[in-house]
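**Student:** Residue-level listing of the chains:
Number of protein chains: 2
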Amino acid sequence: MNPSLNPKRTVAELKELRALTGDEHGAQRVAFTPMWTKTRAWLQKKLETLPVESHTDAAGNLWTTLRGESEKSLLIGGHMDSVPNGGWLDGCLNVLAGVEILRRIHSQYNRRPPITVRLVDWADEEGARFGKSLFGSSACSGNLDVNEARGLQDKHGISLPDALREIGVDFERVKDSSQELKNAAAYLELHIEQGPVLLDLGLPLGAVLGTFGVERHAITFHGQAAHSGSTPMNRRKDAFLAAAKMSFEIYKIAERSGNGVCTIGACTTKPGIVTSVVEECRITLDQRHLDPVALAKMLAEAKTAGEKFAREGSVKVSWERLWQIAPRPFNGELIALCEEAIRETCGQTHRLPSGPLHDAAEVAAAGIPTVMMFVQSLHGISHNKIEDTKEDHLELCVTAFDKLAGKTMQWIQSRQS
Amino acid sequence: MNPSLNPKRTVAELKELRALTGDEHGAQRVAFTPMWTKTRAWLQKKLETLPVESHTDAAGNLWTTLRGESEKSLLIGGHMDSVPNGGWLDGCLNVLAGVEILRRIHSQYNRRPPITVRLVDWADEEGARFGKSLFGSSACSGNLDVNEARGLQDKHGISLPDALREIGVDFERVKDSSQELKNAAAYLELHIEQGPVLLDLGLPLGAVLGTFGVERHAITFHGQAAHSGSTPMNRRKDAFLAAAKMSFEIYKIAERSGNGVCTIGACTTKPGIVTSVVEECRITLDQRHLDPVALAKMLAEAKTAGEKFAREGSVKVSWERLWQIAPRPFNGELIALCEEAIRETCGQTHRLPSGPLHDAAEVAAAGIPTVMMFVQSLHGISHNKIEDTKEDHLELCVTAFDKLAGKTMQWIQSRQS
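Top line first, the protein sequences correspond to chains S and C.
Per the working numbering, the first sequence starts with residue 35, numbered consecutively.
Per the working numbering, the second sequence starts with residue 35, numbered consecutively.
Mixed in with the good hints there might be a few duds.
Because identical chains cannot be distinguished in the list, a pair is counted as satisfied if it fits within a single copy or across any two copies.
[Said to hold, decoys possible] In silico lysine to any residue, SDA-like type, Cα no more than 20 Å apart, as pairs: (1) Lys-106 - Pro-85; (2) Lys-441 - Arg-138; (3) Lys-350 - Pro-68; (4) Lys-106 - Thr-83.
Think of the hints as simulated: they come from the structure by calculation, not from any bench.
Since the model is a prediction, treat every value here as computed from it, not as a measurement.
My request is simple: use the sequences and hints to build the entire structure.
**Tutor:** Right, dumping it as structure tokens:
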């Protein structure tokens, strides 16, 4: 560990942030709220002893720049916003690890590091208020669907453009934030895993291969309502039966796919009364895979299965795409550096895909070499006040992430020459 | 056919009623509404040429009595009320067939028939407004749960006692209606089948063995919410998967039971979002059988299956009884008379249980010998404006039901002597 790096300070700052912005239900740093503004003011206070420049870009992302000899930049990114009743580590862990890394780099180099290092706090990663995640990073990457975003409203009917205006952001200019990526040479993001993989393996840290591509659909089976007492079983067109058959099938589809996952998250029934066979059953299907070919195959298999179950039950089936995103594989060389950093820190590493999306997916999509590091989550749970990670693992991840930052700076320099 | 019976007149009166009380969405004779009051006024007009006595009992049931030499009474029952957007035959068919039978009996006997014949229009069979069916007949049989019924409200917050007061019924006295059954010697009810059994067999009429007993439960599977992207398939505690497995299982349970039916009518999921494994899944299960032992076995098998699926999926399961009613087998001798009447009318008969409940179930529970006759339903559908029965089948059923009434009067006389 670099002698000037103090991971215990990061843990202490995370606790300080929790006390400042959480309550008995969890973290309350929802983007674009007064608590979020307060959080950012606190963050800037932490940075004020460093010779950095700070500004908020056209999309509301907060950039802190430690200027180096070269304009080529290493980006370290995270997000201070949380879901309502969120966990204490999701997002802010990497921003505060980034603060500690800036301190270490500043103390290590006299005056200026060889390349520029920039810490970004992305605006509204969670999408908790307007239902659309990765707002700031997708504006910056250019992937934001501006027409869709313009119409988003929170539960009080306030539009996203109006909420942005209140924090001084002009919605019509948010994509101007893309200029921030001009000199970006690499992007690093540290995150809690939010799943049980590292916990099951007993490993503190893992190198992330990329974020899953997602195919998200609503599947509706259309049967016939019929009286629960007077309709013999063999005369039924039971939409729930057909939908229910999808439930195992997706486990088989996921298993055949290798590392993919499939989830039926919601089921609604019409008329939905105890005395009638279900006429219409709608389920949501979320499918994720790191390999686009495997993802397409999972979707095709689900469609075939849906047709089969509909036919078996004399019902009809229709599909509606809710959302999709392509897999975002991370940079192979940076993945190798990430593994090196983890091995040097705690001996053993593991490669795993990221099921949840992260701002890193947007940065990778913008063509910037990207990698993420995961630290073990206790309970495999996040977006919940019980979200937690062991303190020694938190310290380890700051150390390993700092090593990765150092290696990546060398990697950027080596590519310049 | 008795020469003075005019089944075509019954069909004409049914059409007249449809025109008077229906609209483009179907029948609108919801109990305790102005349309229902209008319907009863129309019914009484139809009866005014007969030497009958009419009164409304303590529960709002309308009784029309053709007094006979003996006080022993043959009861013919039905209900003029409908669900909103209901069918044109459900309930009123047997009241109007009863009117025609009173006419025939009056014209056949000089002055007085040997026994008393009474037509009853039960109040609120459907329970459309207050969610509780068989109100009038269960008050009369004594089975009404008065404490539960006192608290019932319609969607506007009007209580059942208040609605009854408007039609002159004192809620606290509704069980006084039981005195109407004092001299009852038999009860007959004609109804559309509301199912596809007779349609499938190509038979116009059937003799009903009794009404199914019902076990109605909510089953809740308790799993764990988990991120749809970060949670490997083998780490999930998927409440929907466990609930979905019940879906086939109930088809197997029903098949093993012989003539029972099982229905999952509603499914709700929590948190019910596309990005989470289902934490809690609640389904409703309605099980019906004519044999109480078989019904208990179906329930026990469902409970065993639920435990098994919960165990397999590492989730928990809990059961809540929503409602239950015992099977109401009808009177064996009256079933035989009903079959005789059907065979004499159209050659072939079929015995079948009734899946839906009817007022006959309440009368049978009060110890009155009871039987029902079913006439074929087109589409096997009711509680819907497309509910229909062929006109020649309607005429046949009036003829056969009249024969059953004649045979039952003789049966009552034979038991008196």
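**Student:** From the Cα coordinates, with 20 Å as the cut-off, is the pair Lys-350 and Pro-68 best called within, between, both, or neither?
**Tutor:** Neither: 49 Å inside a copy, 41 Å across copies.
**Student:** One pair to classify: Lys-441 and Arg-138, alpha carbons no more than 20 Å apart. Within, between, both, or neither?
**Tutor:** Within. Shortest intra-copy distance 14 Å satisfies the 20 Å Cα cut-off; inter-copy 103 Å does not.
**Student:** Is it within, between, both, or neither for Lys-106 and Pro-85, if the alpha carbons may be no more than 20 Å apart?
**Tutor:** within (18 Å within a copy, 106 Å between copies)
**Student:** Checking an output row: Lys-106 and Thr-83, CA cutoff 20 Å. Within, between, both or neither?
**Tutor:** neither (23 Å within a copy, 103 Å between copies)
When held up to the earlier numbered hints, the structure conflicts with 3 and 4 and fits the remainder.
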